[in-house]
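Colleague: Sequence:
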Amino acid sequence: MKKNYSDIVDPIHDFIRVYDHEIKIIDNPIFQRLRRIRQLSGAHLTYPAAQHTRFEHSLGVMHIASQAGKALNEKGILKSDDIDLLRLAGLLHDIGHGPFSHLFEEVIQQKKFSHEDFGKEIILKSEIGDILSKNGYDKKLVTKIAFGDSKLQYMNEIISGALSADMMDYLLRDGYFT
Numbered sequence: 544m545k546k547n548y549s550d551i552v553d554p555i556h557d558f559i560r561v562y563d564h565e566i567k568i569i570d571n572p573i574f575q576r577l578r579r580i581r582q583l584s585g586a587h588l589t590y591p592a593a594q595h596t597r598f599e600h601s602l603g604v605m606h607i608a609s610q611a612g613k614a615l616n617e618k619g620i621l622k623s624d625d626i627d628l629l630r631l632a633g634l635l636h637d638i639g640h641g642p643f644s645h646l647f648e649e650v651i652q653q654k655k656f657s658h659e660d661f662g663k664e665i666i667l668k669s670e671i672g673d674i675l676s677k678n679g680y681d682k683k684l685v686t687k688i689a690f691g692d693s694k695l696q697y698m699n700e701i702i703s704g705a706l707s708a709d710m711m712d713y714l715l716r717d718g719y720f721t
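If you number the sequence shown the way this note's numbering does, the last residue is 721 and the count never jumps.
No lab work stands behind these hints: they were computed from the structure.
Remember, predicted model here, so these are calculated numbers, not experimental data.
Please note: incorrect hints may appear among the correct ones.
Below, a list of computed lysine to aspartate or glutamate pairs in the EDC-like style, where the Cα atoms sit at most 20 Å apart [stated by the list, open to error]: (1) Lys567 / Asp692; (2) Lys694 / Glu670; (3) Lys677 / Glu700; (4) Lys687 / Glu700; (5) Lys683 / Asp717; (6) Lys682 / Glu700; (7) Lys668 / Asp681; (8) Lys567 / Asp627; (9) Lys687 / Asp717; (10) Lys677 / Asp625; (11) Lys663 / Glu617; (12) Lys677 / Asp660.
Pairwise CB distance ranges (calculated) [as the list claims (entries may be wrong)]: (13) Asp563 / Gln594: 25 to 31 Å; (14) Lys613 / Gln696: 24 to 30 Å; (15) Gln575 / Glu617: 29 to 35 Å; (16) Leu667 / Tyr719: 32 to 38 Å; (17) Gly718 / Pro572: 14 to 20 Å; (18) Arg560 / Lys622: 29 to 35 Å; (19) Lys618 / Gln594: 34 to 40 Å; (20) Lys546 / Thr721: 21 to 27 Å; (21) Leu695 / Asp660: 29 to 35 Å; (22) Asn571 / Glu617: 30 to 36 Å.
C-beta: ideal position from N, C-alpha, C; glycine also.
Please work from the sequences and hints to get the whole structure.
Modeller: Written as structure tokens, this is what we have:
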């Protein structure tokens, strides 16, 4: 089956391909709020160009996870269906971040609730999870991969390991804008 897609222009990765089922998530107001959450919180006060957000970063993580998945698929290590799971997990890995990210984290940790916990709740209990389910994805599995809780350790490593798509994108993106 041929997938419909669009390409989003990105200063770090040039073009990021997004498929229709991903666009449904990206266009959802829950995901769109990431446009208003700066990746580096208040760093723009010292580095005026550091205006980038969790939104762009999430797209970048999805892109890098996809590239890693494709490379492993070509070597016969990863199934092509796993690439879609990696893309979705990368896209959603920061969905639980709040304003001023880690400052927000300090406040919610007093309630014993991290941004990862909030992200899991969003994916499992909101329209985001409904979109995943309607498009044939297991929202529980996507959530586990996004937050490093999957039994599929190699998938966890791609999203949140020591040399993860998350780290690669934020190092490239933060370096570019600062």
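Colleague: Would you mind marking each hint as holding or not holding in the structure?
Modeller: Here's how the hints hold up against the structure:
Our distance criterion of 20 Å between C-alpha atoms is broken by lysine 567 and aspartate 692, whose separation comes to about 25 Å. A hinted pair counts as satisfied when its Cα atoms are at most 20 Å apart, and lysine 694 with glutamate 670 does not qualify at roughly 25 Å. The straight-line distance between the Cα atoms of lysine 677 and glutamate 700 is roughly 27 Å, outside the 20 Å bound, and the hint therefore fails. Distance check on the hinted pair: lysine 687 and glutamate 700 sit about 12 Å apart at the alpha-carbon level, within 20 Å; holds.
A C-alpha spacing of about 30 Å is found between lysine 683 and aspartate 717, which places the hinted pair above 20 Å, so the restraint is violated. Between lysine 682 and glutamate 700 the CA atoms are separated by roughly 19 Å; this keeps the pair inside 20 Å, and the hint holds. As the CA atoms of lysine 668 and aspartate 681 are separated by approximately 13 Å, the hinted pair is consistent with the 20 Å bound. For the given pair, lysine 567 sits about 14 Å from aspartate 627 by alpha-carbon distance, which is consistent with the 20 Å threshold.
For a cut-off of 20 Å, the pair hint linking lysine 687 to aspartate 717 is broken: about 26 Å separates their Cα positions. The suggested pairing of lysine 677 with aspartate 625 holds, with an alpha-carbon distance near 18 Å, which does not exceed 20 Å. Straight-line distance between C-alpha atoms of lysine 663 and glutamate 617 comes to about 31 Å, which puts the hinted pair past the 20 Å bound. As the CA atoms of lysine 677 and aspartate 660 are separated by approximately 23 Å, the hinted pair breaks the 20 Å bound.
Judged by the Cβ atoms, the range 25 to 31 Å given for aspartate 563 and glutamine 594 holds: they are separated by roughly 29 Å. The hint said 24 to 30 Å for the Cβ distance between lysine 613 and glutamine 696, and at roughly 19 Å that hint is violated. Take glutamine 575 and glutamate 617: their Cβ atoms lie about 34 Å apart, and the range 29 to 35 Å holds. Checked against the given bound of 32 to 38 Å, the beta carbons of leucine 667 and tyrosine 719, roughly 33 Å apart, stay inside it.
Separated by about 30 Å at the C-beta atoms, glycine 718 and proline 572 break the suggested range of 14 to 20 Å. Restraint check, arginine 560 to lysine 622: a C-beta distance of roughly 19 Å breaks the suggested window 29 to 35 Å. Checking the proposed 34 to 40 Å range against lysine 618 and glutamine 594 shows it holds: the Cβ atoms sit about 38 Å from each other. Our hint of 21 to 27 Å for lysine 546 and threonine 721 is violated, since their Cβ atoms are close to 35 Å apart.
In this structure the supplied range 29 to 35 Å is violated for leucine 695 paired with aspartate 660, their Cβ-Cβ distance being about 21 Å. The hint said 30 to 36 Å for the Cβ distance between asparagine 571 and glutamate 617, and at roughly 32 Å that hint holds.
Checked against the numbered hints listed earlier, the structure breaks hints 1, 2, 3, 5, 9, 11, 12, 14, 17, 18, 20 and 21; every other hint is satisfied.
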